[in-house]
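Going down the list, the sequences are from chains R and X.
Heads up: the first sequence begins at 1 in the working numbering, then just goes up one per residue.
Heads up: the second sequence begins at 1001 in the working numbering, then just goes up one per residue.
For the record, the hints were derived by calculation from the structure and aren't laboratory data.
Mixed in with the good hints there might be a few duds.
What follows is a list of derived Cβ distance ranges for each label pair [unchecked claim]: (1) R:Met306 to X:Pro1184: 41 to 51 Å; (2) R:Val86 to X:Gly1091: 53 to 63 Å; (3) R:Phe129 to X:Gly1091: 28 to 38 Å; (4) X:Gly1266 to R:Leu191: 49 to 59 Å.
Stretch-level coverage of chain X by chain R, calculated; a stretch enters the list once three of its residues show a Cβ under 8 Å from a Cβ in chain R [to be verified]: (5) 1317-1324; (6) 1406-1414.
Which residues of chain R face chain X? A partial, calculated answer using Cβ under 10 Å [stated by the list, open to error]: (7) Thr161; (8) Ala163; (9) Gly296.
Model, not experiment: these values are computed from the prediction.
The beta-carbon is built from N, C-alpha and C at its ideal position, and this holds for glycine as well.
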Amino acid sequence: MPDTLLFAMEAALNGLTAGVMYALVALGFVLIFKASGIFNFSQGVMALFAALTLVGLQTGQIPFSHLINAIFGTRMHHFGWTLPTVVAIAGTVVVMVIFAWAVERFIFRHLVNQEPIILFMATIGLAYFLEGFGDIMWGAEVKRLDVGLPQGMSGPVDDLTFAWFGYGFYMDRLEIWAALIASLLVISLVLFSQYTKQGRALRAVADDHQAALSVGISLRFIWVLVWSLAGIVALVAGMMWGAKSGVQFSLSLIALKALPVLILGGFTSIPGAIVGGLIIGVGEKLFDFFMQPIVGGATENWFAYMLALAFLLFRPQGLFGEKIIERV
Amino acid sequence: MMNMTRMAAVLAVTMTAAAPAVAQSLHFPMLNYRTGPFGPNGMAFADGYQDYLTLINERDGGIGGVPIRMTECETAYNTERGVECYQGIRGDSPLVIQPLSTGITYQLIPRTMEDQVPMHTMGYGRTSAVNGEVFNWTFNYPGTYWDGASVIINYLLEENDGSLEGKKIVLLYHNSAYGREPIPTLTRLAEHHGYELITIGVDSPGQEQGNQWLQIRRERPDYVTMWGWGVMNAVAIQEAANIRFPMENFIGVWWSGSEQDVRPAGAGAHGYKSLAMHGTGRDYPIYDDIQEYVIDRGLAAGTGDEVGTVLYSRGMYASMLAVEAAKKAQEIHGVEEITPAMMRDGMANLVITEELMEELGLPGFGPAFEVTCQNHGGTGEAMIQQWDAESGTWSLITDWIAPNRDLIMEMVMEDSLAYAAENNIEPQCLERSGG
Chain R
1 MPDTLLFAME
11 AALNGLTAGV
21 MYALVALGFV
31 LIFKASGIFN
41 FSQGVMALFA
51 ALTLVGLQTG
61 QIPFSHLINA
71 IFGTRMHHFG
81 WTLPTVVAIA
91 GTVVVMVIFA
101 WAVERFIFRH
111 LVNQEPIILF
121 MATIGLAYFL
131 EGFGDIMWGA
141 EVKRLDVGLP
151 QGMSGPVDDL
161 TFAWFGYGFY
171 MDRLEIWAAL
181 IASLLVISLV
191 LFSQYTKQGR
201 ALRAVADDHQ
211 AALSVGISLR
221 FIWVLVWSLA
231 GIVALVAGMM
241 WGAKSGVQFS
251 LSLIALKALP
261 VLILGGFTSI
271 PGAIVGGLII
281 GVGEKLFDFF
291 MQPIVGGATE
301 NWFAYMLALA
311 FLLFRPQGLF
321 GEKIIERV
Chain X
1001 MMNMTRMAAV
1011 LAVTMTAAAP
1021 AVAQSLHFPM
1031 LNYRTGPFGP
1041 NGMAFADGYQ
1051 DYLTLINERD
1061 GGIGGVPIRM
1071 TECETAYNTE
1081 RGVECYQGIR
1091 GDSPLVIQPL
1101 STGITYQLIP
1111 RTMEDQVPMH
1121 TMGYGRTSAV
1131 NGEVFNWTFN
1141 YPGTYWDGAS
1151 VIINYLLEEN
1161 DGSLEGKKIV
1171 LLYHNSAYGR
1181 EPIPTLTRLA
1191 EHHGYELITI
1201 GVDSPGQEQG
1211 NQWLQIRRER
1221 PDYVTMWGWG
1231 VMNAVAIQEA
1241 ANIRFPMENF
1251 IGVWWSGSEQ
1261 DVRPAGAGAH
1271 GYKSLAMHGT
1281 GRDYPIYDDI
1291 QEYVIDRGLA
1301 AGTGDEVGTV
1311 LYSRGMYASM
1321 LAVEAAKKAQ
1331 EIHGVEEITP
1341 AMMRDGMANL
1351 VITEELMEEL
1361 GLPGFGPAFE
1371 VTCQNHGGTG
1381 EAMIQQWDAE
1391 SGTWSLITDW
1401 IAPNRDLIME
1411 MVMEDSLAYA
1421 AENNIEPQCL
1431 ERSGG
């Protein structure tokens, strides 16, 4: 087999796993948009905040220590104990649920029946608030996140592909784990929405707000629920991306990777987020692979948005999105 | 009404009392970034810069008895915001502008020239500003990117018995004005030394580098050099560890060699190397003074725990060089209250000796150098440092390594004279300010 083909196959395989990482971020957007019609600009910052909280709890960091020290002249930074990862994850989930409640209580409750653009603007404000709040709560320095997930080259993939092609493919074990966790997450979300009372209520609200309200479903509860779920998805995305690069502000920019995925897969479809992520992941890796010798690389960001733009021209609702028809 | 009158009176008294204090001060503005994707890097630098100035105020009562006035403007490492910051302070007698961004530097070079405000771009910015006959108001001592690239190649020559013939070297660079700076030097040096140069760009901020490292794995280079910043550094080091690239053959520029770059990769970063334009760690007498006069008095810009880290040290070094230039300006002009034009004279005649460094409590911290009209870039020397993941410290593994200055000056002249021709500048040394 020619080397170029082998290398292209390796790039495509890595594109699939990178696509899953993008899809993880996109999922959070889809959940909120589907249930409330809000495009949540703060989803990336939520991933950052969740990861910051996880590291803070894991390492026994005192929240708001910089603020406390500045006001009282103390020098406290850590409690002096560390928490097991599982406990820290559970603690972070609790924090994200409280965050979801606060978002509903203090922001969206006051914006019911407002135009979608107003709700979108509110999420922009929320993103900036949460970014600063996270900094004050946990500090802005780069933090190492270790949740016990393996990293580095996958030996079995290397051995297997070497046996087949005489060239061992590189795959990051972290991204293989991310693919497994994303699959579990999607299955859990589907089971939750299909087989639980709350899940059915969520689907009812997604289908028709007014009808759902008329049968006694609490919109407020559904909003807290859906923001909590988006918070949990943000935590998973923050964990995966944070393990790669450390937990720092740049994590919030992973949201930019989700936008082309959403345009491609549709804003209202969970399978769409996954398929969109995979297409973007494979597409950008292959494009970069073939164009690198000509244009010098660094085409990934550009290509993802160009592909999304091309899709917008032919299928504005995305691959799996619902076609919106408004009668005027 | 009574209250309003009283308030106006208090305000008038306060303003009258405050006015002389503002006039009798030396304005050192800080174009910092404490927010945004590069905030963690910018913050440590800013804290070091500010703490040293605070030390001078607290310990020495300012420079030549005139207190330092610090102002801070947040650029978020964004060129437009950096230019806005400059526009906001240019009328307030800023003694020296330190933009901490190559992109902002490029935008400010013509503006500072026109406004006659000196700019110091220590280890970044436009390399050909070394030619002070063209770039009268820009200084980039003690070293430039081209020096850095040449020092890395000289170090590799030493490691390979003087020959890089047939070696393959990758430059992994931040796809920006900053990241592209070393390409001409490394290309010219490749022709000279016979190595193959492969350049691979990474889009900002650099969170995703899967393809770049697949390519590096395929190319099997002997060495990888990196011109990265922010999250790009941490991800690159993690990816290098993932593909099992030998860390001792991975060398970053001085902006890719801080604790924040290596810590996220944990043990995987062990053995990673980078350029060092100054010493690190707290083993310098200056830190005793910073502890006593700044941190213990609750005046530290940050929490105090980043003291001695690479980027904090760099900020402090930049600040120290600015203070020494101000002292030189006071000495030249025989006045304590100096103007930006006088400050430029101080910078253009700055002499840093080993004795002076020792006197300042920083023995061996930075190279000795002398600024002249023809050379605003110092000696360009740098050391190599290596990360020890177990102890979590950088160790200097070489002495000062000199760059190939003949080649670099040749390139500096080509580039700076082309700039002069494009902008109708007649290269010449500036006369000293008349005060």
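Each hint, compared with the structure:
no.: 1; hint: R:Met306 to X:Pro1184: 41 to 51 Å; verdict: violated (30 Å)
no.: 2; hint: R:Val86 to X:Gly1091: 53 to 63 Å; verdict: holds (58 Å)
no.: 3; hint: R:Phe129 to X:Gly1091: 28 to 38 Å; verdict: holds (34 Å)
no.: 4; hint: X:Gly1266 to R:Leu191: 49 to 59 Å; verdict: violated (36 Å)
no.: 5; hint: 1317-1324; verdict: violated (count 0)
no.: 6; hint: 1406-1414; verdict: violated (count 0)
no.: 7; hint: Thr161; verdict: violated (13 Å)
no.: 8; hint: Ala163; verdict: violated (19 Å)
no.: 9; hint: Gly296; verdict: holds (6 Å)
Violated hints, listed in ascending order, are 1, 4, 5, 6, 7, 8; each of the other numbered hints is respected by the structure.
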